[in-house]
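Asks: Take 658 as the starting number for the sequence shown in the working numbering and just add one per residue.
The set of hints was computed from the structure by calculation and includes no laboratory data. Some hints could be false.
What the hints assert, rightly or not - Pairwise CB distance ranges (calculated): (1) Arg-835 - Val-1013: 33 to 41 Å; (2) Val-906 - Gly-1056: 41 to 49 Å; (3) Val-816 - Arg-903: 34 to 42 Å; (4) Val-1027 - Leu-1119: 47 to 55 Å; (5) Val-816 - Val-906: 20 to 28 Å; (6) Gly-767 - Leu-880: 45 to 53 Å; (7) Gly-927 - Leu-1034: 34 to 42 Å.
All of these numbers come straight from a predicted model, not from anything done at the bench. All C-beta atoms in this analysis are idealised placements derived from N, C-alpha and C, irrespective of residue type, glycine included.
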Amino acid sequence: MTDVQRDPVTPTDDETGVLGPRYRALTLGVLLSVGMVAFESLGVVTVLPVIARDLDGLGAYGWGLSALMLANVVGTVLAGRAADRRGPAGPMTLGMVVFLAGCVVAGVAGSWPLFLVGRVLQGLGVGAVMAMAYTVIGLAYPEALRARMFALLSSAWTVPSLVGPFAAGLLADGVGWRWVFGMMLPVVAVAAALTLPALRRLPHATGADAPAPAAVPWWRGPLVSSVQLTVGTALLLHALLLQDVRLLVVLAVVGVVAAVPALRRVTPAGTLAARRGVAAGIVVRALLSGAYFGSEAFLPLGLQELRGQSATAAGLGLSAGALTWVAGSFLQARWDGARPTARGRGVAVGSAVLLVGTAAIALTILTDAVPAWCAVLGWAVAGLGMGVAFNASTTETLGQAPATQQGLVSSSLQLAQTLATALVAGVGGAALAHAGTSVPALRTALVAVFVATGILATLSVLLSRRLRP
């Protein structure tokens, strides 16, 4: 393989900018692709309680989130490895096609199991699309432009965060939740039309200068390892739903034994030990994602079931967090331009703000003494912190990755995000299943969820010091 040419930072690069003639088509394509994922993510999370009630899936509510996240693991790993070998155009194309198929299946599902099949297909597509978005930024843009591009990547959630949850809530309350998936079809078509031509023109690693990958048996390759990781994680999450304690323990141990070695094989060396540098950056991504997306997954459920809010009102809370995430990301991009060596401090400060916001929404959901609208304010605070910490950690981690490993590192970051979110959603869903449907039991389960996500945010503060080698 020959290394992709990564141009040194020059005044021309900086003056051109991410929306200048050199990068405009690629930038718009990548942003629209991420926006497509954002529409799906924010919209479905908003109406998932409605879907679960309609399809009799409330007892397995967590799987509505975890099915997508676990399939995301396979899509992420395979797309990242394929991009390092042949470039990002092929994985992005296949990811969009599979995602589209998942939207169709979920939208026509008449039962909860069939709906979960659609979520699996969506997850495979989302994993590929998001991994390729980060890979393209690492390959195509000089370092001086990457922090700005990551900020724009966050802003790709702006319109979806304004329109997605609110529109999904209106559709669910008005004509039915199936239209949430139907509205995705034209969005995917437009995203593909703008993204794929630009990706096909992007140079990629093709040949002889990079060291050849070590030969490994097929059963230790990326496909088998990603499936093993997914199956092991799924076994662990399913075990948590069991009533028989002995069977629960046995199945959980089997899941962990299967998942941990596979996770070690599909991530850079030292990831499980949070080794300084790239490995620590991947772990920080997992902690931030578990804290933010884990809390976000149960915010609509808490507002609707405990505070009596509508799906539309719950969607406003998600929109507030997404918008302030964008603001925090651009704030960090400005800081990055002045002091790129202070990214670790940005992660620490952002994680602390995320912790404060998580505590605020937990307090609002769990007690009637606080007005329900305070959850929107609390989640806005959390989103601001997440934007700062997420941008700083991602820019620092990808900046340390060589060009020939951009696919591996990008997919590992996305893998950390999806796996952490799936685990928190699955554990929280299991807590709900064991607690029962009464209001006091639901409140107890949500307390456990928010305590766990608060701990993850705290660990991110502590680990921020290890981002630089």
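Asks: Taking the hints in turn, state whether each one holds.
Replies: How the hints compare with the structure:
no. : hint                            : in the structure
1   : Arg-835 - Val-1013: 33 to 41 Å  : 38 Å, holds
2   : Val-906 - Gly-1056: 41 to 49 Å  : 43 Å, holds
3   : Val-816 - Arg-903: 34 to 42 Å   : 50 Å, violated
4   : Val-1027 - Leu-1119: 47 to 55 Å : 29 Å, violated
5   : Val-816 - Val-906: 20 to 28 Å   : 46 Å, violated
6   : Gly-767 - Leu-880: 45 to 53 Å   : 32 Å, violated
7   : Gly-927 - Leu-1034: 34 to 42 Å  : 39 Å, holds
In summary, the structure is inconsistent with hints 3, 4, 5, 6 from the numbered list given earlier, while agreeing with the others.
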